[in-house]
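Okay, here's what each chain looks like letter by letter:
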Amino acid sequence: MKRKREKTFLERTAEMFDLPGEVTAGQSFIAVTGNGRVYIDGHRGILEYGEERISVRCGKMIASVEGLKLKLCAMSERELLVTGKLHSITFRE
Amino acid sequence: MEKRKRRLKSRVRLLVTARHPEDVLNFCAKNHVTFYEVCLAREEVLSLWVTPSGARYLIDYAPSWMAVELCEEHGAVRVKKGLLRHKRLAVLLAVFMLLSWCSSLFIWQVEVHGNEEVSTYRILKALEKYGVREGAFRLGVDQQRVTNGVLREVTELSWLTVNTRGSRLVVLVREENPPPEMVGDEPQEIVAARSGVIERVTALEGFACVSPGDAVEAGEVLIASAAESQFRGTRYLPAMGEVLARTEREITLCVPMELEMKQYTGEKNVRYALIFGSNRLNCYFNSRNPYTECDKINVEYPLRLPGAGLLPFSLLQETFREYETAVFTDREEAEALLRDAARRRLSESLPRGGEILREEYITEEIGGALFVTLRAECLEDIALARTTDAAEMIPEE
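Going line by line, the protein sequences match chains X and V.
Following my numbering, the numbering of the first sequence begins with 1 at its first residue and continues without gaps.
Following my numbering, the numbering of the second sequence begins with 1 at its first residue and continues without gaps.
Everything labelled a hint here was simulated from the structure, so no lab data went into it.
There could be a bad hint or two in this list.
Restricting the straight-line Cα-Cα distance to at most 30 Å, the calculated cross-link-like pairs of lysine-lysine (DSSO-like) are [stated by the list, open to error]:
no., chain 1, residue 1, chain 2, residue 2
1, V, Lys30, X, Lys85
2, X, Lys69, V, Lys9
3, V, Lys30, X, Lys69
4, V, Lys9, X, Lys71
5, X, Lys71, X, Lys60
6, X, Lys85, X, Lys60
7, X, Lys71, X, Lys85
8, X, Lys85, X, Lys69
9, V, Lys125, V, Lys262
10, V, Lys30, X, Lys7
11, V, Lys296, V, Lys262
12, V, Lys30, X, Lys71
13, V, Lys30, X, Lys60
Generate coordinates for the entire structure from the input sequences, incorporating the hints supplied.
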């Protein structure tokens, strides 16, 4: 059985004081606009790139954006923007 | 403008071959190489647009696991390469840019705004005295000196400012407002400016001598200046007021029955000339008038570069339109023309607030000319101020 990942001290502190995780605990900020745009702030790199799936490392988890005609519109060291017809976003640890 | 800027912006398309294309993206992001429009060209081949500096970085510092191939270039980087290949063109462009920069140091157009009574010519002549003319060195114009000098020259101006916008010199002026007419203490009476039937009398100062329904002749006193006072006897005041009356007006206009009018044949000749300051360079050989009877229409187009201001050249377009003189004997048209003109003249001659109550037109043809008489009944203010003579003021014993 897979062991559940324990929350870090910073994550727990952020939760306790109701602070935004992307500021205190170094988590990624993900914003989805309709089903056409995903903006990720604080990524750690792309793991998989294709027209149907783009997987991005976001801190200690991996966010997989699935859809059709997915395109990486812009990318910098911290941020990236994916456009296309989105079907789902799944998170893996 | 944005679109043009984007088109001019340098960009390079690269084809990057790597076993894991996502590693290429991570590499670019990590090394601050801006990229956009990413797509998989083939398997393991990624197509992406980058800036020229980004392309240079990727080509120079590409790790062993990726192969970078330059595919195409767009925008200024392409123009730059083209210019490097065609050196003469580059020199020509540089000379042109230098000339346009030099030309921006001079004034090539002087505009005057805000004048109504004082003619633009007079202001321009005064400006010329202080060195402001077409072709003058822009940086040599002392705005304060020009302003003070021109205000001294043209006394009708109360304010003036000189602004330079590129090669254009804009002069804004304000004219002096004449002082309002002072109502003096001199006694005056209101008399009828025209004959008519009184409709309403509003006497603000003085005594009304007429009442609604009275018929008055021109020159008749309507509001008297004399005011009876219980303690001081008769006093003479400057009478003021409004007297509305129904008046009869008649206007007669005539026009010859046979009118000579221009009729364009449809033939035209267009010529161009280049104007440089006060010099002119014709772009044609035969300067003779092409037609015996024609209208000449001149349109001047000042040449300007986007962003570089006005150029010292302007293009003059001369259009000659041939016409024939035709004799018209259209009675109806002539009558309509005269009716319109008569009505317009009547409206213009009425004082402010006056209106036409009834109008009647009489048309006659006498000796080859058409006469149209407009008889109208109008409602207008017939009050006219007249200074009272001292002799008139002395009451008869």
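Practice task
Just pull the numbers of the violated hints for me, sorted ascending.
Solution key: Hint 9 is the one this structure does not satisfy, whereas the remaining hints hold.
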